[in-house]
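Trainee: Here is how the chains run, residue by residue.
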Amino acid sequence: MKSHSTWSASKNPVKFRMPTAENLVPIRLDIEIDGQRFRDAFTWNPSDPDSEVVVFAKRTVRDLKLTPAFVTQIAQSIQSQLGDFRSYEGQDMYTGEKIVPIKVDLRVNHTLIKDQFLWDLNNFESDPEEFARTFCKDLGIDDPEVGPAIAFAIREQLYEIAIQNVSSARESRISKKGRRGFEHSLPSKAGGTGLDLMKLYGFRSSVVRKRKEWDVYEPIVDKLSNEEVGALEAKEERNAQ
Amino acid sequence: MEGGNSQSQDPNFKELYTIPSDSRWFSWDDIHQVERYSLKEFFDASSITRTPKIYKEYRDFIISKYREDPNRRLTFSEVRKALVGDISLIHKVFVFLESWNLINFNAPKREDDDDDDDDYVGGEDKWNVRVEEGAPYGVKVVANPNSLKPVLPPPVSVSGGGIGGIVSPLASFKDRYGELVKKKLVCGNCKGSCESGCYEYSKDRNFLICLECFKSENYGEKKAAGDFKFQDCTVRNGNFESAWSEAETLLLLESVLKYGDDWEVVAQHVQTKSKLDCISKLIQLPFGELMFGAGNGKPRLWDTGDSISSVNQVNLDSRESSEITKTVKAPVSDASDDLNNENEQNGNAEDVTPPQKRLCTVRVSDSSNSLMKQVSRLSMMVGPHITSSASEAAVAALCYENLCPREIFEVNDDGSHKFGLSQHDRHRASPAKDSDMEERQASDVQDTSLTNTIPVALRMRAATATALGAAAARAKLLADQEDRVVEHQVATIIEMQVKKLQCKMRCIEDLELIMETEHGQMKKLVKSLLSKRMNVLKKIFSAGISRWGDRASVTAHAPSVP
Numbered sequence: 001m002k003s004h005s006t007w008s009a010s011k012n013p014v015k016f017r018m019p020t021a022e023n024l025v026p027i028r029l030d031i032e033i034d035g036q037r038f039r040d041a042f043t044w045n046p047s048d049p050d051s052e053v054v055v056f057a058k059r060t061v062r063d064l065k066l067t068p069a070f071v072t073q074i075a076q077s078i079q080s081q082l083g084d085f086r087s088y089e090g091q092d093m094y095t096g097e098k099i100v101p102i103k104v105d106l107r108v109n110h111t112l113i114k115d116q117f118l119w120d121l122n123n124f125e126s127d128p129e130e131f132a133r134t135f136c137k138d139l140g141i142d143d144p145e146v147g148p149a150i151a152f153a154i155r156e157q158l159y160e161i162a163i164q165n166v167s168s169a170r171e172s173r174i175s176k177k178g179r180r181g182f183e184h185s186l187p188s189k190a191g192g193t194g195l196d197l198m199k200l201y202g203f204r205s206s207v208v209r210k211r212k213e214w215d216v217y218e219p220i221v222d223k224l225s226n227e228e229v230g231a232l233e234a235k236e237e238r239n240a241q
Numbered sequence: 001m002e003g004g005n006s007q008s009q010d011p012n013f014k015e016l017y018t019i020p021s022d023s024r025w026f027s028w029d030d031i032h033q034v035e036r037y038s039l040k041e042f043f044d045a046s047s048i049t050r051t052p053k054i055y056k057e058y059r060d061f062i063i064s065k066y067r068e069d070p071n072r073r074l075t076f077s078e079v080r081k082a083l084v085g086d087i088s089l090i091h092k093v094f095v096f097l098e099s100w101n102l103i104n105f106n107a108p109k110r111e112d113d114d115d116d117d118d119d120y121v122g123g124e125d126k127w128n129v130r131v132e133e134g135a136p137y138g139v140k141v142v143a144n145p146n147s148l149k150p151v152l153p154p155p156v157s158v159s160g161g162g163i164g165g166i167v168s169p170l171a172s173f174k175d176r177y178g179e180l181v182k183k184k185l186v187c188g189n190c191k192g193s194c195e196s197g198c199y200e201y202s203k204d205r206n207f208l209i210c211l212e213c214f215k216s217e218n219y220g221e222k223k224a225a226g227d228f229k230f231q232d233c234t235v236r237n238g239n240f241e242s243a244w245s246e247a248e249t250l251l252l253l254e255s256v257l258k259y260g261d262d263w264e265v266v267a268q269h270v271q272t273k274s275k276l277d278c279i280s281k282l283i284q285l286p287f288g289e290l291m292f293g294a295g296n297g298k299p300r301l302w303d304t305g306d307s308i309s310s311v312n313q314v315n316l317d318s319r320e321s322s323e324i325t326k327t328v329k330a331p332v333s334d335a336s337d338d339l340n341n342e343n344e345q346n347g348n349a350e351d352v353t354p355p356q357k358r359l360c361t362v363r364v365s366d367s368s369n370s371l372m373k374q375v376s377r378l379s380m381m382v383g384p385h386i387t388s389s390a391s392e393a394a395v396a397a398l399c400y401e402n403l404c405p406r407e408i409f410e411v412n413d414d415g416s417h418k419f420g421l422s423q424h425d426r427h428r429a430s431p432a433k434d435s436d437m438e439e440r441q442a443s444d445v446q447d448t449s450l451t452n453t454i455p456v457a458l459r460m461r462a463a464t465a466t467a468l469g470a471a472a473a474r475a476k477l478l479a480d481q482e483d484r485v486v487e488h489q490v491a492t493i494i495e496m497q498v499k500k501l502q503c504k505m506r507c508i509e510d511l512e513l514i515m516e517t518e519h520g521q522m523k524k525l526v527k528s529l530l531s532k533r534m535n536v537l538k539k540i541f542s543a544g545i546s547r548w549g550d551r552a553s554v555t556a557h558a559p560s561v562p
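If you're matching them up, the sequences are chains A and Y in order.
Sequential numbering of the first sequence, starting at 1, is according to the UniProt record's numbering.
Sequential numbering of the second sequence, starting at 1, is according to the UniProt record's numbering.
Quick caveat, the hints were computed from the structure, so don't treat them as lab data.
None of the values given here were measured: they were computed from a predicted structure.
Among these hints, one or two may not hold up.
To be verified - Reference listing, derived: stretches of chain A covered by chain Y, where coverage requires no fewer than 3 residues with Cβ under 8 Å from a Cβ of chain Y:
#1 26 to 36
#2 113 to 119
#3 207 to 215
Think of the CB as a built atom: it goes at the ideal place given N, C-alpha and C, for glycine as much as any other residue.
Using the sequences and the hints given, assemble the complete structure.
Mentor: Now the structure itself:
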C-alpha cells in the first residue's frame, strides 16, 4: 500500500482503498448465540494474512469467556466483511476534488458525542485515529473507549463514501447496498458530488466561518448519568426488536 | 518578565508576545520557507482549496485566536469549528504551528503530552492498553479542559540561543530562581551551620568549616590551615548597599504583596536580603508606598515608623533619608488625633521648597481627615494668590450652579481677600516662619465669618471647590516647573552635542592641513625622482649603451611613475 502517497491528482483515478493514511477496514460484529450477545467494532488491516482472523477469533472468545460456537461466527463475519472490501480493490476510484461532511453522533458508555466536520477524500494522509485522539484530549474525555469509537465512526463513513465512488464510477455496476449494521444516516450529498468548498467559504471567500455557524461545527460532549444510560439502552433495545 | 534575548517583537503589533527564538522566522506579512517546506500541499498549486492565501488565513486565524489569551491552551477542537476546510489539513496546520511554538507557548503543558507519540502504535492498541491500566472511572474527568489543568513549566526549547529566559507568567519565582537562593552554609566538619563566618577550603570551594572548628584546628582529613580562606558571612548577608538583582526585587514585591508589612516573613521569603534591606529597597522603589495603599489591610508599617526611619537614615545617603523621613512622618502624624501637632509637623516638613511630588500624593490620597483639614492643607501648598483666586472661581461657579445671589458669599469673598492679603504680608515679613499657623488662623477667620451667614452644605462645596482649584493650580505650577527643567536639560544636551561637533570639525581641519603638507611633499618627491631618472637616462645615452630592448623597457616604464 502506498500509504505515503501524497494528494492524489484530481483527474487520475486511484485504485480503491481506504481514503486515509493507513488502509484499515472498519469491521463491525454483532453476533448472538444462545442468549449471549457479542458486539464489537474494530479496524483490520486487509493485507494481513487471513490466518490471523481465526487466531483473533479464538483469542477473543477465550478472553471474553464466550461459548466456543462464537469462534466460527466471528471468523466468518470478519472474513465476509474483508471479502466485501477486497471485491472493490483493483477498481478505479474517481475521487476528484471531494470534501465531504462527516457527522459523528455516538454514545459510548456514559459519553454522548455529537460533532460535524469536513473531510477531504483525496487526502490520503488523513488519520481518523489521530483526529480522535486529539478530540479526546481537547475535550478532556478520559473514557478510553471513546477515541476508537469516534475513529471507527469516521472510518465507516469514509468507507461507505469510497464504495459509492467506485459504484458511481462504473455506471453499469448495480449499486451495492450499504453495509449492514451501518447506523448513521449518511448526509444526503455525501455519496454524490461532495461539497464545493469554494461555496462554503464565507464572506469575501474567507476560510473563517461565520460566527453563527460555529455552533454547528462545534463538538458537543455530554456526560450521562447512570439513569439516563439505562433509559437510552432500554429504548435502543425496544427499537431493535 | 525575563527573557529579553528570546523574545522577538513583531513590528506590526504593539503587544509583546513571547515566541521561542528558533521561530523567529515568523511574520504576519509573509510566508516563510519553513512553512513552504513543512506544508507543501498548500504551495504545489494542486487545488484551488489549498492555496498559499488559504494557508495564511488558517495560520493567522489560529495564531490570533491563541493570542487572545496566551495563558490558556488553545485546542484544535476550538479552532476547527471556525475554519472551513478539510479537517486533517487544518489539523496539520495546527500541529505545525504548535510544534514551532507559535501557539500554546506560554500555555501550561499538558500532562500527557510526552508519552503520547511514543507509545502509540496503530489505531487501537493504545486505547486497549489504557483499558487495563486506566484510572478509576470518572476520577479525572474535567468538563472544560482548560479550567483545572495544573500549571506546569512551559516547554523549554533546547536549540538556539537565549534559552532559559522564557518563563510561564504563572511560574513562581521560587520555581525559577530557586538556585539563586543562597544555600545555608554548613560546616564540613561538625555539621553545624556557620552563621557568623566560615573558612573556605581553597581546593574545594564546597568544603567549609566553621570558626570553632578552625580555631580548634579540626581541618578535616588531609587539609592544612594554609588552604583555608576566611569568609565573613555577615558581610555577605547584611550588605545594605549591595546591589539588588532584578529577580530579588521582584521576589521582594511578590512577597510584600503576599504578606504585607510582616517584614520578618518578607525577608525570609526574599532570603538573600535582610529585613532592613527589604524595607529600604521598597522605599527606594518609585512606587514603594503605593503598594501599601492597595496591598493589604494589615496593621500599617508606619506604626513603628519612627524607629524604622531612623534606622534608614543611617543606611542611606542624606538626601534620600530626608525624603524618607518626610514620607514616613506624614502618615504617622495623620494617625495622631491632635490637629495642632499635626499641622506643626507638616509645616516643618514643608519648609523645603518645592515640596516633593511624592509627598502630595501620599497625603491627598490619605483622606481620612476632615474636609476642612484637606482644604487647608491643599491651599497651604500653593501661594496665597492662587488660593484666593481659586476660592473666588469656586464661589463664582457655585453661584452659577445654584442660582443663589452672590451676596451670600460677599462675606466669604471679603474674608478670603482679607486673609489672602494678610497672609501675603506676613509671608513677606517672616518668610521663614511657619506658614501653617497663618493658614490655621486664616481658616479660623473664615470659619467664624461664614458660620453665621451661609448654609453648611454650600460652605462645604465652596471649600471643596477651592481645594480642588488650588490643587489644580499647584499641579499646573509643578508641570510648568518640570517643563522648564526638561527644556533646560535639553538645551544643555544640545549645547554639549554642538561642542562635540565643533571639536570634531577642528580635528578634521587639522587632519586636512597635515594631509595637504604631505601631499606637497609627495609631489616634490615625485619631481626629484623624475629628474633623477632623466639624469640616469641621459648618462646611459651619453655612455652609448644603447640596446633596443633596454631602452624600450625604460621608456615603457617611464610614464607609469607619475
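Trainee: Each hint needs a verdict: does it hold in this structure or not?
Mentor: Hints and how they fare:
no., hint, verdict
1, 26 to 36, "violated (count 0)"
2, 113 to 119, "holds (count 3)"
3, 207 to 215, "holds (count 6)"
The structure shown violates just one earlier hint, number 1.
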